[in-house]
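A.B. asks: Sequence:
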Amino acid sequence: MSLNDLMPVGASRRDRNEPYSGYYLRDVPDHDPEITHTGPGTAMGEYIRRHWQPVCLTQQLTDLPLALKVLHEDLVVFRNRSGEIGVLHKHCSHRGTSLEYGIVSDHGIRCCYHGWLFGVDGRVIETPGEPPDSRLKENVVHGAYPVKECDGLVFAYMGPPDEIPEFPTRETFDRDDIEKIPFLVNHSNNWLQTYENMMDPVHSVFLHSRMTGLQLSKSFGEIPHVEYEETHNGGGLVYISKRRLPNDKIWVRHVHFRFPNEAHFGTLFDISDKDLFFQRVYVSRWIVPHDDESCTFFGWRFIHDDLPGGNRARIGINSIDFDGQAEGPDYESKQRTPGDWEAQAGQRPIAVHALEHRASTDAGVTLLRQLLRQAIRHETPSAWPTESAIGARARGVDRVNSRFTYAQDTVLTVPKLPDKTEDWSLLGETGRRVTEILYEADRLDDEDRDTFVKAKLRELSSV
Numbered sequence: 001m002s003l004n005d006l007m008p009v010g011a012s013r014r015d016r017n018e019p020y021s022g023y024y025l026r027d028v029p030d031h032d033p034e035i036t037h038t039g040p041g042t043a044m045g046e047y048i049r050r051h052w053q054p055v056c057l058t059q060q061l062t063d064l065p066l067a068l069k070v071l072h073e074d075l076v077v078f079r080n081r082s083g084e085i086g087v088l089h090k091h092c093s094h095r096g097t098s099l100e101y102g103i104v105s106d107h108g109i110r111c112c113y114h115g116w117l118f119g120v121d122g123r124v125i126e127t128p129g130e131p132p133d134s135r136l137k138e139n140v141v142h143g144a145y146p147v148k149e150c151d152g153l154v155f156a157y158m159g160p161p162d163e164i165p166e167f168p169t170r171e172t173f174d175r176d177d178i179e180k181i182p183f184l185v186n187h188s189n190n191w192l193q194t195y196e197n198m199m200d201p202v203h204s205v206f207l208h209s210r211m212t213g214l215q216l217s218k219s220f221g222e223i224p225h226v227e228y229e230e231t232h233n234g235g236g237l238v239y240i241s242k243r244r245l246p247n248d249k250i251w252v253r254h255v256h257f258r259f260p261n262e263a264h265f266g267t268l269f270d271i272s273d274k275d276l277f278f279q280r281v282y283v284s285r286w287i288v289p290h291d292d293e294s295c296t297f298f299g300w301r302f303i304h305d306d307l308p309g310g311n312r313a314r315i316g317i318n319s320i321d322f323d324g325q326a327e328g329p330d331y332e333s334k335q336r337t338p339g340d341w342e343a344q345a346g347q348r349p350i351a352v353h354a355l356e357h358r359a360s361t362d363a364g365v366t367l368l369r370q371l372l373r374q375a376i377r378h379e380t381p382s383a384w385p386t387e388s389a390i391g392a393r394a395r396g397v398d399r400v401n402s403r404f405t406y407a408q409d410t411v412l413t414v415p416k417l418p419d420k421t422e423d424w425s426l427l428g429e430t431g432r433r434v435t436e437i438l439y440e441a442d443r444l445d446d447e448d449r450d451t452f453v454k455a456k457l458r459e460l461s462s463v
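Just so we're aligned: 304 in this note's numbering is position 304 of the sequence shown, and the numbers increase by one with no gaps anywhere.
Here are the computed lysine-lysine pairs in the BS3-like style, where the Cα-Cα straight-line distance is at most 25 angstroms:
(1) Lys416 with Lys274
(2) Lys90 with Lys148
(3) Lys148 with Lys69
(4) Lys180 with Lys454
(5) Lys416 with Lys454
(6) Lys456 with Lys274
(7) Lys90 with Lys69
(8) Lys274 with Lys454
(9) Lys90 with Lys137
(10) Lys274 with Lys420
(11) Lys148 with Lys180
(12) Lys456 with Lys416
Quick list of simulated restraints, FRET-style, between CB atoms:
(13) Arg95 with Tyr331: 38 to 44 angstroms
(14) Pro165 with Arg348: 31 to 37 angstroms
(15) Gly309 with Ile164: 37 to 43 angstroms
(16) Gln335 with Asp306: 34 to 40 angstroms
(17) Arg348 with Gly83: 42 to 48 angstroms
It is worth saying that the hints were derived from the structure and are not from the lab.
Given the structure is predicted, the values throughout are model-derived calculations rather than measurements.
From the three backbone atoms N, C-alpha and C, an ideal C-beta is built for every residue, glycine too.
Please build the complete structure, drawing on both the sequences and the hints.
C.D. replies: Below, the structure is given as C-alpha cells:
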C-alpha cells in the first residue's frame, strides 16, 4: 500500500464538524499576501511607502549609527555632528560593508572599510583612496531617504522622490498644552495583526478584562454597542463604541484609523463617573513593518491634565504605561497573563485569514481589510496622500485633507430605559448623535471646533 492510498480523498463538511476531527483540519492554506506583504514592489508595500513613516526614536540616535530594517530594507540611521539626521541604505556603495560600523562625521557617515564619506542625502562627498582627479564620487549616489524629526520621533519618506507628500499634521499634534512622549514596542508578527487589533473593541472585554484580570480600566469589561464608519472618502475608518455605565451614564468612544497604518485613540484608564465632553487623544500610533513577520508600534503618549492616569516613567523603548502591550518577561508570565502582544504573535507570524471563522464582533476587522484592499487597488484615490497640486489636478483627484481626527471619549447622562432592548437601541442612537456633531464641526478651525463640539455635547446630556 502506497502513501497515496493512505491519504483521505477528501473530508465532507460533516467530517470536519465532528469531534476529534483534527485529521481533516490539519492543512494550513496560504496567507493573504495582498494586504500582509510589504516588501518593495508589493501593493501594500508601495502604499505604505507613499506616507511618512516613523523609523526610530530621537533618543536612539547617539554618536554611533543605528541599524534597522524597515519595509524589508536594511537601513542605517545616524545624526551627523552638524545635527542632521540621515536614513541611508545599510551597505556601502563601494564594496558593501555595513555602515552600522561607519564613523559619524561632521557632514555624514564614513565607511570604516575604505573611508568613503556619504552625506545625509546620499551624495558621495569623499572617496579618499582615489586619485585627486577622480570623478567617481560624481557618478555614484548612495541610497538615502528624506527625514523629518518631530517631538522625539524620526520619520522617513521611502517612496518615489517626486511624490513626497506633506508631513502628516493632526490637530491634536499641535497643542502647546499637551506633552507628547514618544515610545516604541516591537512585535514578532505581521504588521496587519497589530494594526487591526484596535478595530476590534470587543477583545478588550475579554483579553484585557475578564480572562486574566484587569489590564485596562474596569469600564472596558462591559460589552459595547459598536458601529463602524468609513471616513475621508475611504482614507480612514472609525469605530463608535457605546457602553452603559452606572448612574445613568453612557460612554461614547471613537477610535480613528487613518490609512495605511496610523491610528488614534483615547484613554485606557478609568473613565469619569461624571459627565465628560470631547476628551481627546491619549495615543497616536503607527504600525511600521520590518518585514512580513515583524513590526514596530511607534507612537506618542499624550500627557495632559484632562487625561488622568498613567506613569510617564514607563513610556519609552519597548514600554508603555498600559498593560498587555509589550512582550511578557518570560514564557510562564506570557501564558498566565497574556496581552495584546501574545494574542497577536499567537496568530502565527502571518495570520491565515482563510482559517478564521469571523463573527459579528469582527465587523470592524473585515471592513478595515476591505478598505485597505480598495486603497491599494486605487479604487479610493482619497486614501492616498496629497501630492503636488499639479499632480492631483492632472489626475482629476478629489482629495479630503482634513487635519481632524475623530478620536475622543464622551460620557453623557442619559436615563436608562427599563427595557434592555430599548436601552440597547438608545446606546446606538446616542452614539450616532455624537458622531453627527463631530462631523458637523469639520467646517471649523481647531479652537472653534473644540468649543462647538463641547457645547453641542452638553446639550445632549440630561444634567
